[in-house]
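Q: Sequence:
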Amino acid sequence: MSKRFGSLPNWWFRNEVLFSELRAHQTGEGIASMKCLLALSVLIDFYTKDVSVSITEIETITGLSRPMVIKGMVKLEYLGVISVDKNNYRNNYKLIVTKDDSRWAKVPSDMIRKQLKTISNRGTAPFVALKIYITLLSLRYKNEINVKISHEVIRNYTKVQPNQIRAGLDVLFSCSMIHLLPKEENTSNVYKLIGV
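The sequence shown begins at 7 in this note's numbering and counts up one residue at a time.
Treat the hints loosely; a few may be bogus.
What follows is a set of in silico ranges between Cβ atoms, one per label pair, in the way DEER data are often shown [to be verified]: (1) Gln32 <-> Arg72: 33 to 43 Å; (2) Tyr147 <-> Thr104: 17 to 27 Å; (3) Asp116 <-> Tyr95: 46 to 56 Å; (4) Ser71 <-> Arg96: 43 to 53 Å; (5) Leu187 <-> Ser71: 48 to 58 Å; (6) Arg172 <-> Asn93: 41 to 51 Å.
Lysine to aspartate or glutamate pairs mimicking EDC-like chemistry, simulated, CA-CA at most 16 Å apart [claimed, not checked]: (7) Lys165 <-> Glu22; (8) Lys100 <-> Glu35; (9) Lys77 <-> Glu22; (10) Lys112 <-> Asp51.
Keep in mind the hints are simulated off the structure, nothing from the lab.
Even for Gly, the Cβ is constructed at its ideal location relative to N, Cα and C.
Start from the sequences and build out the full structure, keeping to the hints where you can.
A: Structure (structure tokens):
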């Protein structure tokens, strides 16, 4: 039986390390990195933030090919988001927690295990979708299931072009990972995170 939530340390979200480095001209690598990060978040031990897992298991959750899983993990390690111990039969991955920022996002385990692989591994829209999804998870307050946020704020966090946001949101809508809730006039959109 899987746990209900994964734990995603996200200091890199607040200091913009990850999203500034995952750029639109390398969408494949960016998609792989974000999918691997979400997969690790639902596999790791809540307290130690590490897990011994095979590349095949990551492939199953993410829908990525073996070379792209490796590429995504290499990028995350290069950026200091994870550390990797390759001394055993199965690699041991640890999500890095910084001393000055130990906050984390709750990631819905069942949703990631079922739906992450349905997001395409190619193209700008899936790349933007994953950035938006991680942003919504990171901005969600405690046990709230809704996040109120404008397109401008999404753009500021994700570093994507304004005209790409709608396509990214459409990917998340079509995968049933989020819903857009009715809003009052002249207010920010409200997104419901499914599975949380």
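Q: For each hint, tell me whether it holds in the structure or not.
A: Hints, verified against the model:
no.: 1; hint: Gln32 <-> Arg72: 33 to 43 Å; verdict: 19 Å, violated
no.: 2; hint: Tyr147 <-> Thr104: 17 to 27 Å; verdict: 21 Å, holds
no.: 3; hint: Asp116 <-> Tyr95: 46 to 56 Å; verdict: 28 Å, violated
no.: 4; hint: Ser71 <-> Arg96: 43 to 53 Å; verdict: 18 Å, violated
no.: 5; hint: Leu187 <-> Ser71: 48 to 58 Å; verdict: 36 Å, violated
no.: 6; hint: Arg172 <-> Asn93: 41 to 51 Å; verdict: 46 Å, holds
no.: 7; hint: Lys165 <-> Glu22; verdict: 9 Å, holds
no.: 8; hint: Lys100 <-> Glu35; verdict: 20 Å, violated
no.: 9; hint: Lys77 <-> Glu22; verdict: 21 Å, violated
no.: 10; hint: Lys112 <-> Asp51; verdict: 13 Å, holds
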